[in-house]
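Trainee: Letter by letter, the chains look like this.
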Amino acid sequence: MTEDIKLNSAAFPKAKPQKKKKIKLSRVLFLFFALLVLVTFAALFLFPTVFTVTNSFMSTTEISANYGKIFTGLGTSGGGRVFIAEKVNLQLIPDKVSFSQYATVLFKSPEYLIKFWNSMIYVLPIVIFQLVVAAGASYTFARANTKFRSIVFFAYIILMLMPYQVTLVPNYLVINKMNLLNTRWAIILPGVFSPFSVFILTKYMKRIPKSIIEAAELDGASEIRIFWSIFMPLCKSTLYSVAILVFIDYWNMVEQPLILLTDQELYPLSVFLSKINEGDTGIALAIAVIYMVPPVLLFLYSEDYLIDGIAYSSSVTG
Amino acid sequence: MKKKKMIAAGGNEISPTPAKPLKEKRLTKRELIERALTLPFMLPSFLGVMLFFILPFLVVIYYSVIDSTSTANFVGLDNFIKLFNNSAFKLALKNTGIFSLTAVPLVVILSLALAVLLDTNIPYKSTFRTIFLSPMIVPAASVILIWQVLFDYNGVINDITALFGVSPVEWLKSDYGYMVVVLLFLWKNIGYNMIMFMSALSAVPKGIIEVAMLDGCGAVRRFFMIKMRYLASTISFVTIMSLINSFKVFREVYLLTGNYPYDSMYTLQHFMNNTFSNFEYQKLSSAAVVLCLIMIVIIGILLWVDNHLGKGIEE
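Respectively, the protein sequence lines represent chains G and D.
Take this note's numbering: the last position of the first sequence gets the number 318, and nothing is skipped along the way.
Take this note's numbering: the last position of the second sequence gets the number 1315, and nothing is skipped along the way.
If you are wondering where the hints come from, they were derived from the structure by calculation, not from laboratory data.
Hints are supplied without guarantee of correctness; some may be wrong.
[Claimed, not checked] Facing chain D, according to a computed beta carbon distance under 8 angstroms, are these residues of chain G, among others:
| hint | residue |
| --- | --- |
| 1 | Ala42 |
| 2 | Phe45 |
| 3 | Leu159 |
| 4 | Val166 |
| 5 | Arg184 |
| 6 | Ile188 |
| 7 | Met232 |
| 8 | Pro233 |
| 9 | Ser270 |
| 10 | Leu285 |
| 11 | Glu303 |
| 12 | Ile310 |
Just so you know, even glycine gets a beta-carbon here, dropped at the ideal spot from N, CA and C.
Please model the entire structure based on the sequences and the hints provided.
Mentor: Spelled out as structure tokens, the structure:
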């Protein structure tokens, strides 16, 4: 609509109306193609999530009819004869909206909810304590740039960039020595000391103007006071964005539980979900949607913080 | 980062103003106390990192050069030679290497392209941004069922290709599995990278762009001659992050196909998992050391490139 108004106003000056119109035309063309590309990508990006959500409202019979060809356990579990379509039928809207899958998950078989709770037990302490530990370390790194500190900080960066294939082996050795394998601590302890949040927080804290700190020092503020009353309030939004990034990362974890836990009862839902896919597709869909809820809620409430957090992490230097 | 600072410090030493050295000396005394006082804040993190990562990694290095944990004879590089003769490790290394080499450039280019598109005057910018970021938020495990429905032999993708007369393909049980994994990786990672590029693009000084426009510099030239120079360090960082994330694609593969996937999808993490379950410490340790060395070389190269490209802006 604004486009039309601009086109009209462009026609008024008589000096060079033709040239202006030409630019506008190319712009319209550009907009058309750009939007076409973006909309196509957006559809592809949303598609798996949207289908998971809508399909979770299908009844068990509808799910077996649609996907029975793939998930073979389906036909037998019902006992009686079940209709299975020849072709797999991916359907966006359920024929009949049903909450039966959710009812099963929430009331009839609580084992799935226990796994959901497991995820919470792992992720919340990791997020909270990783932030506490990291805030202190970043304070040290940000306050002075000595040789020792820059070497340690560089080591933190390298460590942050190491894949699990490297870091999980030392983790395993220590946790084995401490006799903590197959306990919740095996997941939580290494998570707390992950250097990722130190990296982002340090980068942010280094931007805090020295003059503020000097003023506080002249007033006789102790280091703890400077940390708590100056740095922490100024870092509030960054702490929040780091918390979201860490939450998302650990909510998704698969590698660590597979190696550090042997008891399936202790698995977080992220690992356990792949195990219920066979047979109980409907329930898997419902619990998958429930599993999405915490990160999605976090995201909707705090998208801007998340984006800031990603932006802060966007270069090693500077 | 260190390099730049050292150059700056060196510059000061060569041409000191007469007033400066005195002032600096007075400051250092106060600074020394201050530095000592700020050090304890690091302690918990430092100890934790030492305990869970650095010290045990030294043990890992030790394990990689002995024959077994009970006898502990020094065997030099034997474990490494054995590792490189291990067909599972070679397969895993090859798969991960090929995967990273194709998926990482693809994800960098695609996310940069999307960021550039969103950087122009386009309506619904923030809606698109949210949508592209959504796969990062949604747990991989949650949408895995839909991927299975798509790529099964009886699945949707084969139905679609059948419309064009293509015969159906066992996506997850053939060499095509590798393509599925690349798609999953792109889907998951484009949003995160795009945000990094968008923030770098918005940091390009508007003045320079305007001057270039006045000089009649076209959009394409503007992008390659000006914006690219500001993006250089972000590109190298995004490449590093994508590389790290390409090692994490195991998640999706594991959720899709379990611990023993088709050969083309057998990643390094599968190798590690299966070695863990057999308690083969020597194999594990030498694999971890090899990977660590590979990563250090790659990160080193990228940081070096970053340092060299970054200079262009400051001059």
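Trainee: Would you settle whether the hint for Arg184(G) is holds or violated, based on the nearest Cβ-Cβ distance to chain D being less than 8 angstroms?
Mentor: 15 angstroms, violated
Trainee: With a cut-off of 8 angstroms, does the beta carbon of Glu303(G) approach a beta carbon of chain D closely enough for the hint to hold?
Mentor: 6 angstroms, holds
Trainee: Given Leu159(G) as an interface hint, is its Cβ closer than 8 angstroms to any Cβ of chain D?
Mentor: Holds - the Cβ of Leu159(G) comes within 8 angstroms of chain D, reaching about 6 angstroms at its closest.
Trainee: Checking hints one by one. Is Val166(G) an interface residue toward chain D, by the C-beta closer than 8 angstroms rule?
Mentor: 5 angstroms, holds
Trainee: Given a cut of 8 angstroms on the nearest C-beta pair, is the interface hint for Leu285(G) held or broken against chain D?
Mentor: Check passed: Cβ of Leu285(G) comes within 6 angstroms of chain D, closer than 8 angstroms.
Trainee: Quick one, is the Pro233(G) hint okay against chain D at 8 angstroms, beta carbons?
Mentor: This hint is violated: Pro233(G) lies away from chain D, its Cβ roughly 16 angstroms from the closest one there, beyond 8 angstroms.
Trainee: Does the nearest C-beta of chain D fall within a distance shorter than 8 angstroms of the C-beta of Ala42(G)?
Mentor: 4 angstroms, holds
Trainee: Would you settle whether the hint for Ile188(G) is holds or violated, based on the nearest Cβ-Cβ distance to chain D being less than 8 angstroms?
Mentor: Where the cut-off is 8 angstroms and the nearest Cβ of chain D is about 11 angstroms from Ile188(G), the hint is violated.
Trainee: Go through the hint on Ser270(G) and say holds or violated, using the shortest Cβ distance to chain D against 8 angstroms.
Mentor: 5 angstroms, holds
Trainee: Double-check Met232(G) for me: the hint is only fine if its C-beta lies closer than 8 angstroms to a C-beta in chain D.
Mentor: 12 angstroms, violated
Trainee: Checking hints one by one. Is Ile310(G) an interface residue toward chain D, by the C-beta closer than 8 angstroms rule?
Mentor: Holds - the Cβ of Ile310(G) comes within 8 angstroms of chain D, reaching about 4 angstroms at its closest.
Trainee: Interface hint check: Phe45(G), Cβ to nearest Cβ on chain D, cutoff 8 angstroms. Holds or violated?
Mentor: Given a least distance of 6 angstroms, the restraint on Phe45(G) holds.
Hints 5, 6, 7 and 8, counting from the list given before, are not met by this structure.
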